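First to last, the sequence lines map onto chains A and B. So in numbering that gives the first Met the number 0 the end of the first sequence lands on 299, straight run, no missing numbers. So in numbering that gives the first Met the number 0 the end of the second sequence lands on 299, straight run, no missing numbers.
Quick caveat, the hints were computed from the structure, so don't treat them as lab data. Remember, predicted model here, so these are calculated numbers, not experimental data. Mixed in with the good hints, there may be bad ones.
In this list, chains with the same sequence are indistinguishable; a pair is considered to hold if it fits within one copy or across any two.
To be verified - EDC-like mimics (lysine to aspartate or glutamate), calculated; alpha carbons at most 16 Å apart, straight line: (1) 239 <-> 224; (2) 73 <-> 16; (3) 139 <-> 87; (4) 91 <-> 2; (5) 105 <-> 95; (6) 225 <-> 240.
2 protein chains.
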Amino acid sequence: MKEKAFINIIKNTLNSEYIGDDCAYLKDFGVVVTQDSLVEGVHFSMKFTTPYKLGYKSVMVNISDVCASGAEPKYITIALSLPDSIEEDFIKEFYEGAKAACGNVKIVGGDITGADKIYVSVTAIGSDNGRKISSRSSAKVGQKVVVSGYHGSSALGLKLLADGNSEENEFIKSHLMPEAQIKFSTSIALNIKEDYAMMDTSDGLMDALSSIAYDSGVMLEVDFDKIPHDKKIENYPDWKDLILFGGEDYGLIATLPEAFDGHIIGEVKSGSGIKVNYKNSSVLYTKEEVEKKLFKHFRE
Amino acid sequence: MKEKAFINIIKNTLNSEYIGDDCAYLKDFGVVVTQDSLVEGVHFSMKFTTPYKLGYKSVMVNISDVCASGAEPKYITIALSLPDSIEEDFIKEFYEGAKAACGNVKIVGGDITGADKIYVSVTAIGSDNGRKISSRSSAKVGQKVVVSGYHGSSALGLKLLADGNSEENEFIKSHLMPEAQIKFSTSIALNIKEDYAMMDTSDGLMDALSSIAYDSGVMLEVDFDKIPHDKKIENYPDWKDLILFGGEDYGLIATLPEAFDGHIIGEVKSGSGIKVNYKNSSVLYTKEEVEKKLFKHFRE
């Protein structure tokens, strides 16, 4: 999949001011809207997950996008396309998982059709409630780089599943049933007075850092040791890459005047790219270098 | 696909007041939202259509759902899942078709992922603009049954394609590039003062009539000869079934005090089921009989 090239074609074809952030902000309604799909064999395998967990994750990844905008998640629609072999129990469990992920968010509609494989496409709608909505192009020199949530856990969980581990641990749980950072998002939304950038780390922490840096025309400098992570990840090979480039943690990363409810890991500087400081060294990554190293799903 | 059984499970699992109509009405925002998917091999074949026409139809079927609610279509998001073999030209042409279908509607976001086959899931958002929003449970005895658009054309177009016809005629065009009934929807929305039922005929005229009758607890009586259709359809076998049970015409059917911009074909009566009057006879269809006869896509 040439996802980034395709998105550029879409931007050029539509010439739209909306395409760019994970959520589109419809100011006339005071709402944000986002739509994300999960495809069997690409984003998940029924060998590793259950209908309940799939329903849970499908909703949560979209709630996460609304949280990344700073809006309050309110409504969900779900389109399911399913093979003939799917039984009624699958539907019941999937929707029980979806409902559990929703909390106060309401599932208000959707669609159900046939297909060769399981395909889930969820739309989430959030309310701005008069709050400031984020944009990945709004990072400003001097703001702090603030993150919430552990990083690397989900990618390690996927690796453990692919390696044949069946016993569910905290990493596997992070991968199959991620949690959106609603509390962090709300704490920002209720307190922020200036423009700010925010993204979720669905495609990896470095992807989010790089997108914000590039779209805002700034450099982000972060201290690797300050990135929150489960200490046990350090027992696994390549754990530093998992933290930086592993996807699907659904943490949030924002550029803010202060930490609010999160952890400060760095600062917005003038320049371009991402500078990662280690104990005795530092590495400057360009956007292109980040894209080469990013987390891949089962396939791309 | 056990679509109707699955929808009942979803209703029971969610216990939601929203599930039922094609659009969910989010009163706090004054918006309606709908999401429909098109799946390669189920709803379309690239043997018969083009990327441009697929983009056009994917958007139009969702605009049609917004029109069926009486709201004004405003925004679209599009999630595309695509095989690796898809090239940049496909994306460009698909989005050109989508944009052409949009008119004043804006495409504001979406998602793009890998998949084995082409999946398109579109979400459309409309504004109530203070208008009365329809519900399929709002038909009342004494209202007229009013329709817009030709019926049967799309199903005949699909049949012609499946039979190997490659020359595009009006029937094939109806199938590949349907038109939502925006003008009819607007004329109702700007004039209606009472509660009313409205649906599009995406799953067939009789499906819409039957859903309204069942959900409103009434009988709908219609005169077959008054149903608008392309006269040339009468040259084909089973043309009466195509008109009643063929899907994907994206006409609208409503129960109204007067015709506004449409054609009166019958009346809402007390009772249940659908009574179809022919010249010298009449047939009363139950909901179950309608469901058995409904249009099937390439497969279900």
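* To do: List in ascending order the numbers of the hints, as given earlier, that are violated by the structure.
  => 3
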